[in-house]
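*Asks:* Assemble the whole structure, with the sequences as input and the hints as a guide.
Residue numbers (numbering that gives the first Met the number 0), protein chains in the order written: chain S, 0 to 113; chain P, 0 to 219.
Hints are not guaranteed to be accurate.
[What the hints assert, rightly or not] The calculated SDA-like cross-link candidates involving lysine to any residue, where the alpha carbons are at most 25 Å apart (straight line), are: (1) Lys149/P - Ile122/P; (2) Lys7/P - Glu60/S; (3) Lys8/P - Leu3/S; (4) Lys212/P - Ala25/P; (5) Lys2/P - Glu48/S; (6) Lys8/P - Pro21/S; (7) Lys216/P - Asn20/P; (8) Lys7/P - Ala18/S; (9) Lys96/P - Lys71/S; (10) Lys7/P - Arg77/S; (11) Lys7/P - Glu39/S; (12) Lys149/P - Ile98/S; (13) Lys7/P - Asp19/S; (14) Lys198/P - Arg58/P; (15) Lys71/S - Lys149/P; (16) Lys71/S - Asp145/P; (17) Lys71/S - Glu179/P; (18) Lys7/P - Cys91/S; (19) Lys71/S - Ser158/P; (20) Lys212/P - Leu197/P; (21) Lys149/P - Ser78/S; (22) Lys2/P - Ile111/S; (23) Lys100/P - Thr87/P; (24) Lys2/P - Glu108/S; (25) Lys96/P - Gly6/P; (26) Lys71/S - Gly183/P.
It should be emphasised that the hints constitute simulated quantities derived from the structure, not laboratory data.
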Amino acid sequence: MHELSICQSMLEIVDGAMADHPGARLERVFVDVGRGSTVEPSLLRDAFEIATTGGPYEGAELVINEIPLVGKCRSCGRSFEYKEIALGCPDCESTSVEIESGLELNVRELEIDG
Amino acid sequence: MSKVDIGKKMLSENDRLAAENRVRFAEAGLLVLNLISSPGSGKTALLESTLDRLPDGVRVLVIEGDVSTDRDIERVRAHGADGVQINTAGGCHLSAKMVGKVLPDLNLDGADVLFVENVGNLICPSTYDLGEDAKVVLLSTTEGDDKPMKYPAIFHESSVAVINKIDLLPHLTYDIERAEREIGVLNADCDILRVSALKGTGMDEWIAWILRKMKEKRGE
Numbered sequence: 000m001h002e003l004s005i006c007q008s009m010l011e012i013v014d015g016a017m018a019d020h021p022g023a024r025l026e027r028v029f030v031d032v033g034r035g036s037t038v039e040p041s042l043l044r045d046a047f048e049i050a051t052t053g054g055p056y057e058g059a060e061l062v063i064n065e066i067p068l069v070g071k072c073r074s075c076g077r078s079f080e081y082k083e084i085a086l087g088c089p090d091c092e093s094t095s096v097e098i099e100s101g102l103e104l105n106v107r108e109l110e111i112d113g
Numbered sequence: 000m001s002k003v004d005i006g007k008k009m010l011s012e013n014d015r016l017a018a019e020n021r022v023r024f025a026e027a028g029l030l031v032l033n034l035i036s037s038p039g040s041g042k043t044a045l046l047e048s049t050l051d052r053l054p055d056g057v058r059v060l061v062i063e064g065d066v067s068t069d070r071d072i073e074r075v076r077a078h079g080a081d082g083v084q085i086n087t088a089g090g091c092h093l094s095a096k097m098v099g100k101v102l103p104d105l106n107l108d109g110a111d112v113l114f115v116e117n118v119g120n121l122i123c124p125s126t127y128d129l130g131e132d133a134k135v136v137l138l139s140t141t142e143g144d145d146k147p148m149k150y151p152a153i154f155h156e157s158s159v160a161v162i163n164k165i166d167l168l169p170h171l172t173y174d175i176e177r178a179e180r181e182i183g184v185l186n187a188d189c190d191i192l193r194v195s196a197l198k199g200t201g202m203d204e205w206i207a208w209i210l211r212k213m214k215e216k217r218g219e
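*Replies:* Next up, the structure:
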């Protein structure tokens, strides 16, 4: 359960950006969370609500773009999504795969009023 | 309503502090290993056994991370390591900031290897770079053999997986080949070692792995 500390890091980035827009109100925060990133979106949403309640960002919405965990087979080159426990490439069954995406934890953009 | 482009990693501040730590470690020519496992896999026992077996003249530092108590740092000090204890007071992982803060308490110059024993947890520590050269994930045969697929991120991030408590295999249903196969699927470049920190089995290979990494770090 490190979503609260991830959320704090995220809000420090938001603070930095909002400092350039004095008087503006934060409406939405758009983030990318990879399915293999170890961050649980529902817990991150809870953490965001807890962390923003009573402060200048109260009422702002956290919009999470979940990115699937995608592997690429090193043998046949095919890309595939890890949906459940996978034991390798579904085509050629090679177990030599690399992860192409799904480890992201990014703050993409903010939507502000004012 | 207007948009403000950010395009930053959430942990960019942690990554910046980890890079600062990495510079400090490089100046000292120090190999830094971030040791991660669930509670009770034997991280501290592995360190004790490692301290007893490293060749004379190899100077070891340890940073111990625990929610509370300084029991672990006392244990490794009894085996000849210098080090400091970090208590996270509820935190489930160490961060680059916590590690950077205790570096002035350690005499890095002249040391060869720094082990950072993270808080017992297979999830959160995998996300936080501390400035280490390599992550070491420790498993034990008394846990499930399906740990790699249940906690894939840490296996994807680690340079070596050490499977501990292999002396207990005859009494357990742990399928070690399955665990090794699944680690290979998650990270084909991950070295895998079988050890018993308690009995000493496989410890020679683990010590050789550390010495090889020390040489690589010094550019030999």
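*Asks:* Each hint should be assessed against the structure and marked as holding or not.
*Replies:* Evaluated hints:
no.: 1; hint: Lys149/P - Ile122/P; verdict: 10 Å, holds
no.: 2; hint: Lys7/P - Glu60/S; verdict: 18 Å, holds
no.: 3; hint: Lys8/P - Leu3/S; verdict: 16 Å, holds
no.: 4; hint: Lys212/P - Ala25/P; verdict: 13 Å, holds
no.: 5; hint: Lys2/P - Glu48/S; verdict: 21 Å, holds
no.: 6; hint: Lys8/P - Pro21/S; verdict: 23 Å, holds
no.: 7; hint: Lys216/P - Asn20/P; verdict: 15 Å, holds
no.: 8; hint: Lys7/P - Ala18/S; verdict: 16 Å, holds
no.: 9; hint: Lys96/P - Lys71/S; verdict: 34 Å, violated
no.: 10; hint: Lys7/P - Arg77/S; verdict: 29 Å, violated
no.: 11; hint: Lys7/P - Glu39/S; verdict: 19 Å, holds
no.: 12; hint: Lys149/P - Ile98/S; verdict: 16 Å, holds
no.: 13; hint: Lys7/P - Asp19/S; verdict: 16 Å, holds
no.: 14; hint: Lys198/P - Arg58/P; verdict: 23 Å, holds
no.: 15; hint: Lys71/S - Lys149/P; verdict: 20 Å, holds
no.: 16; hint: Lys71/S - Asp145/P; verdict: 22 Å, holds
no.: 17; hint: Lys71/S - Glu179/P; verdict: 20 Å, holds
no.: 18; hint: Lys7/P - Cys91/S; verdict: 37 Å, violated
no.: 19; hint: Lys71/S - Ser158/P; verdict: 20 Å, holds
no.: 20; hint: Lys212/P - Leu197/P; verdict: 23 Å, holds
no.: 21; hint: Lys149/P - Ser78/S; verdict: 21 Å, holds
no.: 22; hint: Lys2/P - Ile111/S; verdict: 6 Å, holds
no.: 23; hint: Lys100/P - Thr87/P; verdict: 13 Å, holds
no.: 24; hint: Lys2/P - Glu108/S; verdict: 7 Å, holds
no.: 25; hint: Lys96/P - Gly6/P; verdict: 22 Å, holds
no.: 26; hint: Lys71/S - Gly183/P; verdict: 14 Å, holds
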